[in-house]
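> Residue numbers (our numbering), protein chains in the order written: chain Y, 10 to 121; chain G, 45 to 156.
Worth flagging that the hints you see were computed from the coordinates, not collected in a lab. Treat each hint with caution, since some may be false.
What the hints assert, rightly or not - Residues from chain Y that keep clear of chain G, each with C-beta distances beyond 10 Å, as calculated:
1) ILE27
2) SER61
3) GLU66
4) LEU74
5) GLN79
6) TYR80
7) GLN118
8) PRO121
Claimed, not checked - Pairs of lysine to aspartate or glutamate residues, derived as DMTMM-like cross-links and limited to a Cα-Cα distance of at most 25 Å, are as follows:
9) Y:LYS51 <-> G:GLU74
10) Y:LYS11 <-> G:GLU74
11) Y:LYS108 <-> G:GLU106
12) Y:LYS11 <-> G:GLU45
13) Y:LYS108 <-> G:GLU149
14) Y:LYS116 <-> G:GLU149
15) Y:LYS65 <-> G:GLU144
16) G:LYS115 <-> G:GLU45
17) G:LYS101 <-> Y:GLU14
18) Y:LYS116 <-> G:GLU74
19) Y:LYS11 <-> G:ASP100
20) Y:LYS51 <-> G:GLU144
21) Y:LYS65 <-> G:ASP103
22) Y:LYS108 <-> G:GLU97
23) Y:LYS11 <-> G:GLU97
24) Y:LYS51 <-> G:ASP82
25) G:LYS101 <-> Y:ASP92
26) Y:LYS65 <-> Y:GLU12
27) Y:LYS51 <-> G:GLU45
28) Y:LYS51 <-> G:GLU149
29) G:LYS109 <-> G:GLU45
30) Y:LYS108 <-> G:ASP82
31) Y:LYS51 <-> G:ASP103
32) Y:LYS108 <-> G:GLU144
33) G:LYS115 <-> Y:GLU54
34) Y:LYS116 <-> G:GLU144
35) Y:LYS76 <-> Y:GLU54
36) G:LYS101 <-> Y:GLU66
37) Y:LYS11 <-> G:ASP82
38) G:LYS113 <-> G:ASP100
39) Y:LYS76 <-> G:GLU144
40) Y:LYS11 <-> G:GLU144
Ideal Cβ positions, reconstructed from N, Cα and C, are used throughout, including at glycine.
The residues making up each chain are set out below.
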Amino acid sequence: QKEVEQNSGPLSVPEGAIASLNCTYSDRVSQSFFWYRQYSGKSPELIMSIYSNGDKEDGRFTAQLNKASQYVSLLIRDSQPSDSATYLCAVKRPGGYQKVTFGTGTKLQVIP
Amino acid sequence: EAQVTQNPRYLITVTGKKLTVTCSQNMNHEYMSWYRQDPGLGLRQIYYSMNVEVTDKGDVPEGYKVSRKEKRNFPLILESPSPNQTSLYFCATSGGNTGELFFGEGSRLTVL
Chain Y
10 QKEVEQNSGP LSVPEGAIAS LNCTYSDRVS QSFFWYRQYS GKSPELIMSI YSNGDKEDGR
70 FTAQLNKASQ YVSLLIRDSQ PSDSATYLCA VKRPGGYQKV TFGTGTKLQV IP
Chain G
45 EAQVTQNPRY LITVTGKKLT VTCSQNMNHE YMSWYRQDPG LGLRQIYYSM NVEVTDKGDV
105 PEGYKVSRKE KRNFPLILES PSPNQTSLYF CATSGGNTGE LFFGEGSRLT VL
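Only chain G is shown next, with the shape it has when bound in the complex:
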């Protein structure tokens, strides 16, 4: 079954405590990206990756890091989380540069 798996699904943490949200896909997709979804602001792209070792900033990259060492994995790193990073995060993949995205189930992050 085609899957994009995110972990953790829910997390409450405190300001400044580094965390990583993992994303793994089993579809051999080249493109992977991270979005955050906030009420009234919709889905906004944080970072994207076109292939292994190729990443670039999206619209709201501040406070986030990513890496793409393997094709199937694209972790999102919050080095020093702040309350304004409280959000619902989605990892998405695409088999080509089509814009047709396949989303993971989402990770709800709360930073106190």
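This is chain Y alone, in the form it adopts within the complex:
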């Protein structure tokens, strides 16, 4: 079982719709969760961090965390063509070292 799993997609949504991206993780002790966006040919860019159960909103983005189900999601409201990218879910275990594990990413296509 992979430590962090994502559907590779592509996930296609029409412009203006809500895009829903999902991620599951295997290590129950994980405490920190992240969403990175990676445009084609570019480096990953952090867009959301979430550390406790529930929802966290930032503009058009909402991250949702359910530790009991070991599930993290990212909602993008009013999707724009500029949101077309690969979204990487990342998980960090607690402790004094920088162990961040990434999923393989979900490719999102927003159709104008």
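Following the hints, complete the assembly by docking chain G onto the known chain Y.
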């Protein structure tokens, strides 16, 4: 401007010819790490460093070396590159043990 600078950005080399990919940051971050990104496998951590002279292996350290003699620099050394090290390499930094990573622009390495 906050920057993580990698060099070279692109390199084609031959099997066995030692090479170094440099990474330099101007954010005074303690944590630095190297990742490689391969299709279908996602981002995998090679090595990380928590501070000067403190380094440790990530998930795929074989065939790589690192050093951290100065806080701002974290070079990745391939002593004897092989074709399976053909990949896209990213250096990443973090200001604390948060998992919130700031990536360099990437170095695409091809080993023939």
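> Evaluate each hint against the coordinates.
A quick look at each hint next to the structure:
1. At roughly 25 Å from the closest C-beta of chain G, the C-beta of ILE27 (chain Y) stays outside 10 Å, upholding its exclusion from the interface.
2. SER61 (chain Y), annotated as away from the interface, keeps every beta carbon of chain G farther than 10 Å; the closest lies near 14 Å.
3. The Cβ of GLU66 (chain Y) sits about 18 Å from the closest Cβ of chain G, beyond the 10 Å cut-off, so the non-interface label holds.
4. Here LEU74 (chain Y) stays apart from chain G, with its beta-carbon at least about 14 Å from theirs, past the 10 Å limit.
5. With a least CB separation of 17 Å from chain G, GLN79 (chain Y) remains clear of the 10 Å interface cut-off, as annotated.
6. For TYR80 (chain Y), the condition that its CB be more than 10 Å from all CB atoms of chain G holds, with the nearest at approximately 18 Å.
7. Distance check on GLN118 (chain Y): its Cβ is at least 18 Å (rounded) from any Cβ of chain G, clearing the 10 Å threshold; non-interface status holds.
8. No beta-carbon of chain G comes within 10 Å of the beta-carbon of PRO121 (chain Y); the shortest separation is about 27 Å.
9. Of the pairs offered as hints, the one joining LYS51 (chain Y) and GLU74 (chain G) holds, with about 24 Å between alpha carbons and a cut-off of 25 Å not exceeded.
10. Restraint check for LYS11 (chain Y) and GLU74 (chain G): the C-alpha separation of about 29 Å exceeds 25 Å, so the hint is violated.
11. Straight-line distance between C-alpha atoms of LYS108 (chain Y) and GLU106 (chain G) comes to about 17 Å, which keeps the hinted pair within the 25 Å bound.
12. Between the alpha carbons of LYS11 (chain Y) and GLU45 (chain G) the distance comes to roughly 37 Å, so the proposed pair goes past 25 Å and is violated.
13. At roughly 21 Å between alpha-carbon atoms, LYS108 (chain Y) and GLU149 (chain G) fall within 25 Å of each other, so this suggested pair holds.
14. For the given pair, LYS116 (chain Y) sits about 20 Å from GLU149 (chain G) by alpha-carbon distance, which is consistent with the 25 Å threshold.
15. Proximity of LYS65 (chain Y) to GLU144 (chain G) is assessed by CA-CA distance (about 16 Å); at most 25 Å being required, the pair is judged to hold.
16. Only pairs whose Cα atoms come within 25 Å are accepted, and LYS115 (chain G) paired with GLU45 (chain G) is accepted, the gap being roughly 18 Å.
17. Our distance criterion of 25 Å between C-alpha atoms is met by LYS101 (chain G) and GLU14 (chain Y), whose separation comes to about 23 Å.
18. For the hint pairing LYS116 (chain Y) with GLU74 (chain G), the CA-to-CA distance comes to about 32 Å; that exceeds 25 Å, so the pair is violated.
19. Restraint check for LYS11 (chain Y) and ASP100 (chain G): satisfied, since their Cα atoms lie roughly 22 Å apart, inside the 25 Å limit.
20. For the hint pairing LYS51 (chain Y) with GLU144 (chain G), the CA-to-CA distance comes to about 17 Å; that is within 25 Å, so the pair holds.
21. Using a Cα cut-off of 25 Å, the hinted pair LYS65 (chain Y) and ASP103 (chain G) is violated, with the two alpha carbons roughly 30 Å apart.
22. Of the supplied pair hints, the one linking LYS108 (chain Y) and GLU97 (chain G) holds, its CA atoms being roughly 18 Å apart against a limit of 25 Å.
23. Distance hint between LYS11 (chain Y) and GLU97 (chain G) is unfulfilled; the C-alpha atoms sit about 32 Å from each other, more than 25 Å.
24. Restraint check for LYS51 (chain Y) and ASP82 (chain G): the C-alpha separation of about 14 Å stays at or below 25 Å, so the hint holds.
25. Restraint check for LYS101 (chain G) and ASP92 (chain Y): the C-alpha separation of about 34 Å exceeds 25 Å, so the hint is violated.
26. With a CA separation close to 23 Å, the supplied pair LYS65 (chain Y) and GLU12 (chain Y) stays within the 25 Å bound.
27. Under the criterion of a C-alpha separation no larger than 25 Å, the hint pairing LYS51 (chain Y) with GLU45 (chain G) is consistent with the structure, at around 18 Å.
28. For the hint pairing LYS51 (chain Y) with GLU149 (chain G), the CA-to-CA distance comes to about 7 Å; that is within 25 Å, so the pair holds.
29. A threshold of 25 Å between alpha carbons decides the hint, and for LYS109 (chain G) with GLU45 (chain G) the separation of about 29 Å lies outside it, so the pair is violated.
30. Our distance criterion of 25 Å between C-alpha atoms is met by LYS108 (chain Y) and ASP82 (chain G), whose separation comes to about 19 Å.
31. For the proposed pair LYS51 (chain Y) and ASP103 (chain G), the alpha carbon gap of about 23 Å is at most 25 Å, so the pair holds.
32. The hinted pair formed by LYS108 (chain Y) and GLU144 (chain G) meets the criterion: a straight-line CA distance of about 11 Å does not exceed 25 Å.
33. Proposed proximity of LYS115 (chain G) and GLU54 (chain Y) is supported: the alpha carbons are some 22 Å apart, at most 25 Å.
34. As the CA atoms of LYS116 (chain Y) and GLU144 (chain G) are separated by approximately 21 Å, the hinted pair is consistent with the 25 Å bound.
35. Restraint check for LYS76 (chain Y) and GLU54 (chain Y): the C-alpha separation of about 24 Å stays at or below 25 Å, so the hint holds.
36. In summary, the hint linking LYS101 (chain G) to GLU66 (chain Y) is not supported, as the alpha carbons are separated by about 35 Å, beyond the 25 Å threshold.
37. At roughly 16 Å between alpha-carbon atoms, LYS11 (chain Y) and ASP82 (chain G) fall within 25 Å of each other, so this suggested pair holds.
38. Taking the CA atoms of LYS113 (chain G) and ASP100 (chain G), the gap is near 14 Å; set against the 25 Å cutoff, the hint holds.
39. The straight-line distance between the Cα atoms of LYS76 (chain Y) and GLU144 (chain G) is roughly 19 Å, inside the 25 Å bound, and the hint therefore holds.
40. The straight-line distance between the Cα atoms of LYS11 (chain Y) and GLU144 (chain G) is roughly 21 Å, inside the 25 Å bound, and the hint therefore holds.
Consistency note: the structure conflicts with the earlier hints numbered 10, 12, 18, 21, 23, 25, 29, 36.
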